[in-house]
Amino acid sequence: MTGSCLPDAPYPYPATPLDAIEARTAERLLGVALSSGGDHADLFFQYRSGGDIAFEEGRVRTVSRAVVLGLGVRVVRGDASGYAYTEELSDARMLDAARTAGQVASQGGGRSPLALRAAALPSFYPIAELAQERPGEDKVALLRRADAAARAFDSRIVRVEAGFAEGWSDVLVATSNGVLARDRQPMVRFGISVVAEERGKRQSGRSGTAKRRGLELFSEFGATPEDHGREAARLAVAMLHAEEAPAGPMEVVLAAGESGILLHEAVGHGLEADFNRKGTSNYSGQIGRQVASPRCTVVDDATVTNARGSINVDDEGIPGGRNVLIENGILVGYMHDRISSHHFGVKPSGNGRRESFRHPPLPRMTNTILLAGNEDPRDIVASVGRGVYAKRFSGGQVNISNGDFVFALTESYLIENGKLGAPLRGVNLIGNGPEVLRNVTMVGHDFQLSDGTWTCGKDGQSVPVGVGTPTVKIKQITVGGTRTP
Amino acid sequence: MSSEAGKRSAADPGPCQELAERMLSLAMRAGADGAEVLVRDGAELEVKLRMDEPELVKEAGSRGLGLRVLKDERVAVTYTSDFAPDAMRAFAAESVALSGLAEPDPLAALPDREEMARTIPDLDLWDESVLSLDVAEAMRWCRVGEAAARKFDMRVTNSDGASFGRGIGASAFASSAGFSGAYRGSHVSFIVEPVCDDADGKKRNGYHFTSSRSVDGLQAAESVGIEAARRTVAKLGARKLDTCQVPAVFTPEVGRSLLGRFAGVISGGAVWRKSTYLAEREGTQVASPLVTIVDDPLLPRAPGSRPYDGEGLAARPNVVVSEGVLRTFLCDVYAGRKLGRKSTGSAGRGLGGGPHVSTSNFILRPGRASAEEIARLDRGLLVTELMGFGFNPVTGDFSQGAGGFWIEKGERAFAVSEITIAVNFDDLWKGVDAIASDLDTRSSVQCPTFRVAKVTVAGT
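So the protein lines, in turn, are chains R and P. So for the first sequence, numbering that gives the first Met the number 0 puts the first residue at 0; every next one is plus one. So for the second sequence, numbering that gives the first Met the number 0 puts the first residue at 0; every next one is plus one.
No lab work stands behind these hints, which were simulated from the structure alone. Remember, predicted model here, so these are calculated numbers, not experimental data. Yeah, the Cβ is synthetic: ideal placement off N, Cα and C, and Gly gets one too. Incorrect hints may appear among the rest.
As the list claims (entries may be wrong) - According to the in silico footprint, chain P covers these stretches of chain R (three or more CB under 8 Å from chain P):
no., segment
1, 200–214
2, 245–251
3, 393–400
4, 471–479
Unchecked claim - Pair ranges (Cβ atoms, derived):
no., chain 1, residue 1, chain 2, residue 2, range
5, R, G456, P, T459, 28 to 38 Å
6, P, D133, R, G456, 47 to 57 Å
7, P, G409, R, S154, 11 to 21 Å
8, P, F413, R, Q289, 23 to 33 Å
9, P, D196, R, V331, 21 to 31 Å
10, P, G236, R, Q289, 41 to 51 Å
11, R, A127, P, M27, 34 to 44 Å
12, P, S131, R, F343, 33 to 43 Å
13, R, P293, P, S131, 56 to 66 Å
14, P, P316, R, E56, 28 to 38 Å
15, P, E127, R, G199, 52 to 62 Å
16, R, G456, P, E72, 34 to 44 Å
17, P, A198, R, K346, 32 to 42 Å
18, P, E17, R, D458, 45 to 55 Å
Said to hold, decoys possible - Cut-off 25 Å, straight-line C-alpha distance, at most; resulting in silico cross-link-like pairs (SDA-like, lysine to any residue):
no., chain 1, residue 1, chain 2, residue 2
19, R, K390, R, K474
20, R, K457, P, G263
21, P, K337, R, A53
22, P, K273, R, G162
Using the sequences and the hints given, assemble the complete structure.
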């Protein structure tokens, strides 16, 4: 990559209440947390400032702003956690939280925490300027540009709704094994959704992006508000003439980029180590075994510059990393948090993440990707007699226990005799994770990380993630249409 | 903040209402033309146990304030959890200033004064007894429930554990349109999630849960565990189906997710945004004559009850669908104005955002037949699980992953998994040909078992 205009010095983030948290305060709280026993304790201080602008019917409808501050305290004993949090950073409330979290351990005579030392962290999300520091009018201008581009695209666009969101989180993690880590995590998000109408028939289309960036993101090729406006409009108009999708098992080509959602659902969740620690994942006890086609190498990579799922440090103080999960089809590792890495006796992988200070950490994905192969994507489509070309998705879900997963297509096409045909109406695909990965028969050389706004939910906690794949052919997946053969 | 303040008792409506009123007057003094304030104060306890070992004890209290201000027909929505007097004053002023970035919208005004609720009915949403339940007692529930599941059947080989949750909360709302009120509520729930090993290495998981406003209202831990195990073991040997078109029976658990999606397409917000296939269908047949759907916020002790809505209007029951005819869209004040009518008192309100249309207790009226009777099909599918996000409200296209049981000659023949069912929502609701009497009242979207004449099943 060339042409970067980012400054060399770290971006000077604004001051927050976390500046006032002293190491000795944290050490004292950790001591109290462990005073009735326990193997480990950690503190998670968080200040989050965010806002959004909702644009609808050609005008800014609502402007919102929120600031959140709090501390979560966790005490771990074996596989058990005690957890408490407070929104007031007064001594009294923080001590209360530490004692409450400590309830889980009742052995007495706890260990004392080690002295805290500031950890050196990588910097995976350099920004030119925090979006929040720019005037609101600049962001409104982005929304107007997207709105105008969508309306200009086609006269059948009857409604446009667009939104801009910005936020950044200042986090400070302190652990009883002496780690003190502070990270500032920015995010901007832009989205547009439109409705197209023709003779009483309506269809919707959307486009958007979210990254750990500043407003500079929106002047890059392919990421301008106009690009998103036109893309949403294109999709809505294209779908006006979509046909009923077929029902039944078919050959499926997954387009590069967003199709990574399949990977996220089909294998990603099953490789989160908490399920494997409990033996409730279909990948439990499978390390070293062939679990996918040899064409598949799957990586969870927190180090991708400015990506939505990247983290300099996880929410337990472990630096973010690049972890190979499946190498040439062989399962080589899981994604760990502290509890699971301790359980398996391996190094933590930097996947302990949480939604906020109100939540205990869990093993979670960051950016989960399938590495490129060497096929030409055109050859992949040309090789299909009759099948479905899956291009855009609204989301997916998996049952961890048996690997059955679904994902919803918002843009797809019939493939007939190696050529793309009619667009298909919204349809669901269903498959089984391990089975689908064994059925990967071609992998393209055109890897893409999706720039979409992916958010992963688990145990009621949402975290931002990234997904990505090259073009992939799968021998057979069940397509959930309405047209029976 | 002194440690006295640290011990403030949670879920007390009085102090919440004082805070709401104080912020309202600060916002008006800061120059707002109108304002409304929501304050919530709550506490949660969550206890999880797995394989007879404690897994999580989480306990915390939380208090926050959401403000909506209007100035020159411009709207800003803000959130804070900082209640220091200076911070509250600054927050009010910043919120009013923030509205300057929005653009004037004449319809974005508070409700008319005469629309506001005058009385606050007592809906019996609070039960003091939940407070007496401590960590040890919650853990005992988990231990008994999980043990019952594991003992019930040898084939229960693993467990995702058992969880007990308790929440208490006070909510206060004050509006410059002429309303100030507060109430409190309690909630307890308990779930057991067993896991079985199936042939060829697949695992089958299931669950059963109970929930109520009071501890007395819960099903006993042991019977929850047994029911969870029964449901999980029944899934063993599940297989795919051939692609076909058949009648489908939906249990209350999955019917609820369909009914919840229906709530989305009759929302006034979706109607004026043209983002529902029902936008022009008010007053017409949108479902089979067997279908009557009401939204009732005034049911005593129910999970979705509220004494007033998210804009301070009197809560009232609305018949949404009567014998298949769509009687009304649900509206908040803004959606109502957009559609040239009054609000139906259906505004919801969270701390982080402004008012929006939201259902309270959204209920598909039960019929007379038993669930067993309506599932006695010659050939069909009993759906007990739905998965995924395959629904487009603009077109009504519905396609989701499903699991359940194949029914043949009136009996459950075998368990089914890894199939999809697809049907347009319009055909789904018009195709309802039987509704059972077993209304499930555990959640705010309440559904009995019901049957749909035809869906497309995609399998092998």
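A quick look at each hint next to the structure:
Counting residues of the segment 200–214 of chain R whose C-beta lies closer than 8 Å to any C-beta of chain P gives 3; at least three are required, and the coverage claim holds. Three residues within the 8 Å Cβ limit are the bar, and the segment 245–251 of chain R against chain P gives 3, so the coverage statement holds. For a cut-off of 8 Å, the count of residues in the segment 393–400 of chain R with a CB near a CB of chain P stands at 7, and the three-residue condition holds. Coverage of the segment 471–479 of chain R by chain P holds. Counting CB-CB distances below 8 Å, 3 residues qualify, and the rule asks for three or more.
For the pair R:G456 and P:T459, the beta carbons lie near 30 Å from each other, so the given range of 28 to 38 Å is met. For the hinted restraint 47 to 57 Å between P:D133 and R:G456, the CB-CB distance of approximately 30 Å leaves it violated. At about 55 Å, the beta-carbon gap between P:G409 and R:S154 misses the expected band of 11 to 21 Å. A hinted range of 23 to 33 Å for the beta carbons of P:F413 and R:Q289 is consistent with their spacing of about 30 Å.
The hinted window of 21 to 31 Å between P:D196 and R:V331 holds, with their beta carbons roughly 25 Å apart. Taken as a hint, the range 41 to 51 Å is violated for the pair P:G236 and R:Q289, whose Cβ atoms sit roughly 26 Å apart. Taking the beta carbon of each, R:A127 and P:M27 are about 40 Å apart, inside 34 to 44 Å as hinted. Separation of P:S131 from R:F343 is about 40 Å and conforms to the stated range, judged on CB atoms against 33 to 43 Å.
Restraint check, R:P293 to P:S131: a C-beta distance of roughly 60 Å satisfies the suggested window 56 to 66 Å. Hint check: P:P316 to R:E56, Cβ distance near 32 Å, so the stated range 28 to 38 Å holds. Range check, P:E127 to R:G199: about 56 Å between beta-carbon atoms, so the 52 to 62 Å window is met. A hinted range of 34 to 44 Å holds for the C-beta pair R:G456 and P:E72, which are about 37 Å apart.
For the pair P:A198 and R:K346, the supplied restraint of 32 to 42 Å holds, since their beta-carbon distance comes to about 36 Å. The hinted window of 45 to 55 Å between P:E17 and R:D458 is violated, with their beta carbons roughly 36 Å apart. Distance restraint check for R:K390 and R:K474: the Cα-Cα separation of roughly 17 Å lies within the 25 Å cut-off, and the hinted pair is therefore satisfied. The suggested pairing of R:K457 with P:G263 holds, with an alpha-carbon distance near 23 Å, which does not exceed 25 Å.
About 17 Å separates the Cα atoms of P:K337 and R:A53, which keeps this hinted pair within 25 Å; it holds. Pair hint P:K273 plus R:G162 holds up; C-alpha atoms about 18 Å apart against a cutoff of 25 Å.
Hints 6, 7, 10 and 18 from the earlier list are contradicted by this structure; the remaining hints agree with it.
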